[in-house]
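In case you want the letters, here they are:
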Amino acid sequence: MHVLCCGGTGCHASASAQIIENFKQILAEKGLQDEVQVVQTGCFGFCEKGPIVKIMPDNTFYTQVKPEDVEKIVNEHIIKGRKVTDLLYMDPENQEHVSDSKHMGFYRKQLRIALRNCGFVNPENIDECIARGGYEGLGKCLTEMTPQQVIDEVTKSGLRGRGGAGFPTGVKWGLCAKNKCDEMYVICNADEGDPGAFMDRSIMEGDPHSIVEAMAICGYAIGATHGLVYIRAEYPLAIHRLQVAIAQAREYGLLGNDIMGTGFNFDIELRYGAGAFVCGEETALIHSMEGKRGEPTFKPPFPAVAGYMMKPSNVNNVETFANVPIIITKGADWFQTIGSEKSKGTKVFALAGQINNVGLIEVPMGTTLRDIIYEIGGGIKGGRQFKAVQTGGPSGGCLTTKHLDTQIDYDSLVAAGSMMGSGGMVVMDETSCMVAIAKFYLEFTCEESCGKCSPCRIGNKRMLEILDKITDGRGTMEDLQELRNLAAVIKDAALCGLGQTSPNPVLSTLDNFWDEYVEHVVDKKCRAGVCKKLMRYEIDKDKCIGCGKCAKNCPAEAISKTNYIAEGHKLPSMEIDPTKCIKCGACISGCKFNAISVK
Amino acid sequence: MINVTIDNKHIQVEPGTTILKAARQAGIDIPTLCYFELAGMKFENKPGGCRVCVVEVVKDFNGKPRRNLAPACATDCVEGMEVLTHSPRVINARKTVVELILSDHPNDCLQCEKSGDCELQTLAQKLGIREIPFKGAQSTYRKDQTLSVMRDVDKCVMCRRCETMCNTVQSVGALSAINRGFNAVVAPAFEMNLAESSCVNCGQCVQVCPVGALTLVDNISDVMKAINDPTKTVVVQTAPAVRVALGEEFGMEPGTIVTGKMAAALRQLGFDYVFDTDWSADLTIMEEGTELLGRVKKFLNGEKTALPLFTSCCPGWVSFYEKNFPDLLDYPSTAKSPQQMFGAVAKNYFAQKIGVKREDMVVVSIMPCLAKKSECARDEFKVNGNPDVDFSLTTREFAHMIKQCNIDLNNLPEEDFDSPLGQSTGAAVIFGATGGVMEAAVRTAYEVYTGKPLANIDLEVVRGLEGMKEATVDFNGLPVHVGVCYGLANARKMMEEVRNGNPRGFHFIEVMACPGGCIGGAGQPYHHGNSDIIRKRMEATYREDAGKPIRKSHENPDIIAIYKEYYGEPCGHLSHEQLHTHYFDKSQHVEACGE
Amino acid sequence: MAKVKSLAELKAMREKLQNTIDTRERGDNPEALVQVKVAMATCGIAAGAKQVMEHMMEKADELKLAIVFTQTGCMGYCHAEPTIEVKMPGKDPVVFGHVDNNRADEILTKYVMNNEMVEGIIPVNYETIG
Amino acid sequence: MATIKLSESKINFIKDVCKSFGNKGGEVINVLHKVQGEFGYLPKEVQEVVALELNIPVSRVYGIVSFYSFFTMTPKGEYPISVCLGTACYVRGAEKVLDELKRQLGIEVGEVTPDGKFSLTVLRCVGACGLAPVIEVGDKVYGRMTPDRVKEVLAEYK
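Protein chains in written order, with our numbering: chain E, 1 to 599; chain R, 1001 to 1595; chain V, 2001 to 2130; chain B, 3001 to 3158.
Honestly, the hints are just simulated from the structure, not real lab data.
On a predicted model such as this, the values are computed, not experimentally measured, just so you know.
For each residue, glycine too, the CB sits at the ideal point set by N, CA and C.
Just so you know, not all the hints are guaranteed correct.
Listed below are the simulated DSS-like cross-link pairs for lysine-lysine, each with C-alpha atoms no more than 25 Å apart in a straight line [unchecked claim]:
#: 1; chain 1: B; residue 1: Lys3034; chain 2: B; residue 2: Lys3117
#: 2; chain 1: B; residue 1: Lys3015; chain 2: R; residue 2: Lys1323
#: 3; chain 1: B; residue 1: Lys3102; chain 2: E; residue 2: Lys583
#: 4; chain 1: E; residue 1: Lys292; chain 2: R; residue 2: Lys1046
#: 5; chain 1: R; residue 1: Lys1452; chain 2: E; residue 2: Lys469
#: 6; chain 1: R; residue 1: Lys1323; chain 2: E; residue 2: Lys299
Beyond 10 Å from chain R on every Cβ pair, some chain E residues (computed) [unchecked claim]:
#: 7; residue: Lys461
#: 8; residue: Thr476
#: 9; residue: Leu495
Full structure from sequences and hints, please.
Structural data, given as structure tokens:
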């Protein structure tokens, strides 16, 4: 028998160490130390109800366990085999205690559909993929469904594009299929460029066959025989695994001519991106594949009419494709049961930033931010205060505590001033300055703007300059006004999706963290201590013992001795010359006496 | 037809009409900046990049308002669409966009060559911009110039018109957008000097640039200095296309013919001899026509010869084939262009005749062209370093000179050109329009070859603004197959065809680099994309031709006289020496070197 | 490899493959065959998953343990890379995080050989559509 | 237009690559990937030969090279160092790591150390956000970087 005790940060803070200690002690007292092993585990992600204790092999899940409960668990559960009911997890819906953790709602917070094979199969072995039902969706399409039925099924499933704006996938396929001609293309957008998002990479690395299969399904549905994957050159492993998958599929006759004896031909080629975020926009992506600068063009014409080589083309992103085979095999009706009213299925998020369980998660649409951050993500690192969560990368916005109970789907995120984007989710705590975060994203957009349209090329640069002024302590209230006007115009008048969404990080922080902007402008203060020009390093004369380590660490020779010797100290204390200080923080990290602080 | 409502005006438009064009139909002028069209010449630049023409679509195809503002130039009308072109939201966006563009612009309007002709300036004025609320970094690039084109890309607004011209229309490929974001700009590869690139100095980038980023190299002061130098005899020649466009600079209707006023103005400016390039155009026909007949006869005799013969009057075109078709250098006519023939005649025959030393004569040309500035500087057109043509001015520079010298062109009495290099025929006049050289050559070649008068001298099939034309002319039983094109991309297609064995069997092909021929030249008054202006200049050209008493080059009495007196016969020994040239391989080569 | 000729053939193949994989998992000697999956996506490899896998294979040989090692994609626990999943015959798989060579040895000697739990288990907290 | 001078082996390599892509202008990005993969960077002469072989203007090749951040015209150091400045890395202090690298190497972003050993670039997200902040030295990824670890990482290559 095993006792698993959560050692995650949250539980650790609430005495899990003491609980383990108690278990060990009491089990030893009862002479059970050889039969029952106590282990500390990683975070269960259920910190809200921590500390957690799980008894194996019967999967009993105790929540909010206190050190003094240990004796009862040992006596009742371990010795007598009776579960301690009042410590069991209580289902909030029916107010019943759940004893087997497999039946807990908590475990259904995450549902892996797009990631269904990631971490299960060997991505370089097509047999394992077939053993898990790979290519059965394609087989079903080719033998039991007409192309129109495939389009209808995908449309009915309610699947929407996972790359950003959430256009209904089936409708997109249908639009392309209408322009039937000899040469059509299925394009997989694998140019995952959102900083902080890596789900597409993970899918390609973990389950490349699902992409190959889905592209062939799409080809069958719209009448295309050519598939192209536009993939970032920065993803060598994903490229390798896709190449292996394509070669294996060809060998098995699942790509190439006369697939599964049905007369359907389809093959896939890879095209490499070259480091331009804007190429995630489909028209820019197509231009890049054609060997041009990746500049977007105005839509219409849509790629469905005039895409790659001016031929009808259908562009979907990796995660969208990953959902397709399972929709075919399990049916649109099944898929529809998952998710929220207007957004069906699940979404993969790359959970990153100041959160304990950084990782790749997949949740049904409609899951709240709170569930993701506190139940799956294990809460904020170091027990600090949650401040904001950024979704949608440079096109998205920063949401705050008041949005924690928002059910995430395409529409609710847009309503909250952010967007789904490709699924980056970066959690921030009080050490992040929201003005600096807005600036960070704008720097990104400025660097990645293609330069074609004036609002994005010049407008974003001007916004960045205003933000520079503000973080340097030179901002005025008029600047904030100008920032809002510029943001509105860029949103309204820019050419492509990148430009139109680029002001979102600024607008959302202006909306949700107005006070912080005003503090920077009026009080010349950065509460997070991030904006260097607004900071002042000071040495507490009475704490300083005059060891001089800070002066040694200081690269700017800004620290010198004073004449003041504090009571009980032998050496004179140090002081910082604010005119020389470059605010690098080297002095603080070296001070063992907590004598230096940032004001 | 589909129904749309723009600013509450209901109109019906053809499917595929953009909001911009529909609005213009309804009498609503939506401002544009990057958008540029030469209707009828298949040139359209609509990157949808400047965002000046944005409008609010309050009702889209789905009955709902469109989320973002739509670029009028690139958005097609759909049934039932409702559009506002001046709602507060539109005006604010449009003004902000122009303010943003101005915030990255030097704003040195008073000194800018483009002042008064600048589309950005006009726009700022129209929108009533009084201050630029954004202060920030401005892009700076080094200035660069060829002998014809000046680049000051600090002023570039990234409309991409020049890039489209240089690549799509001319297939020269000297210019491309480079870098990205705020640093994006149009430039030659590696930001090298334009002069070292594949640029052929056609200058069409200058003709379409909405601002002062691309301008011409101004030679006015050089010419003024020569005029005011008492030791110099200054001879001027004016190209055929100048007389049908110059008037525009003085408020006259496009297509007004100002030949007589132009001659008078030149005299007032102080030129010692006012001659006409039309005269040397007649001479060109004599040389080129003879060369053509020579090659055709050789061909008919089964001898090896280079057919088709390409015209070589257009220096942009000459530069283009030297850089791109080094294997076909035998095909173009060796006859010099009219400008250079004039220069050669002036500094040899005429200088001798009036007893002026070559070094003391300055030949100035007034041209519709920027490439002529580079042509006259070519080494092979110099004798001991002294060029046959010293300075080439454009129509625009000429207009500036007239204004500078307080000459009232509108009220100037008409005067004639001087003799002996002043008299010309209708065949020379039409050199200015696409197909003109061909028509003029046919008028002469036909009669010389057949010995019979040409029944109908108006060769209508090669006239008009079509980019590529072909026709067969019956030379008394010999079908002569001719082709005419303008725009170097069209010329490239023709050259590639010839390289592939000339399957259409052309004997003679006329090539002009600029849209519509010289009348659409880069040195002409800015047409701002109004191809009607070019059409009117063309009509004026043919009007002038029709009104001439003599319309065939070989009937020009001064031409007949000079052969009798000086050159002997076309393509004779002396004319080969003075009136013909040769071409050089100027293509790029790879050379292997050590590691 | 002969090409798959029909959907029926694909389905037959799936069954056959499932059986072989199952047998591989159960083995002839269910007490002895263990399956170890190593998460080898970019994150995992960057955190050292490859070396850990190589080390574990050597160690397993040394200990004469019959273990099937396979690489797999991202399990999602980026915070705990490198991660491996150990599936003992007849038991639910267990995921271990932050596996370095020492912990790999510990997992083999304690969990695999003696069914003793090792610190640092990552609780699996998702459902997967199979 | 000037004559392009390049070593014969390089010319032949470029010609072979272009040929393998059918000398098609539309393949220029693929060609540039291969060529940069071989030479480490794309100097002017190389772009000129690519343009000639693919029969496209060199201005277009340069327009592409200067557009995409993956392409570079400056040679890299023996050990090119890239610091990820993606969001996840940024909020976990990547800038401090970058500052420390700059300080220890004595170069700015985009530069190469005088001995040609290291070059420093920044990039946006290598997709290893779980290990943030991340740096790459050559192909090797170093996760969970701190300014303190910079010295130790650099020492591996000295």
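Quick check: which numbered hints come out false for this structure? 5, 6, 7 and 9
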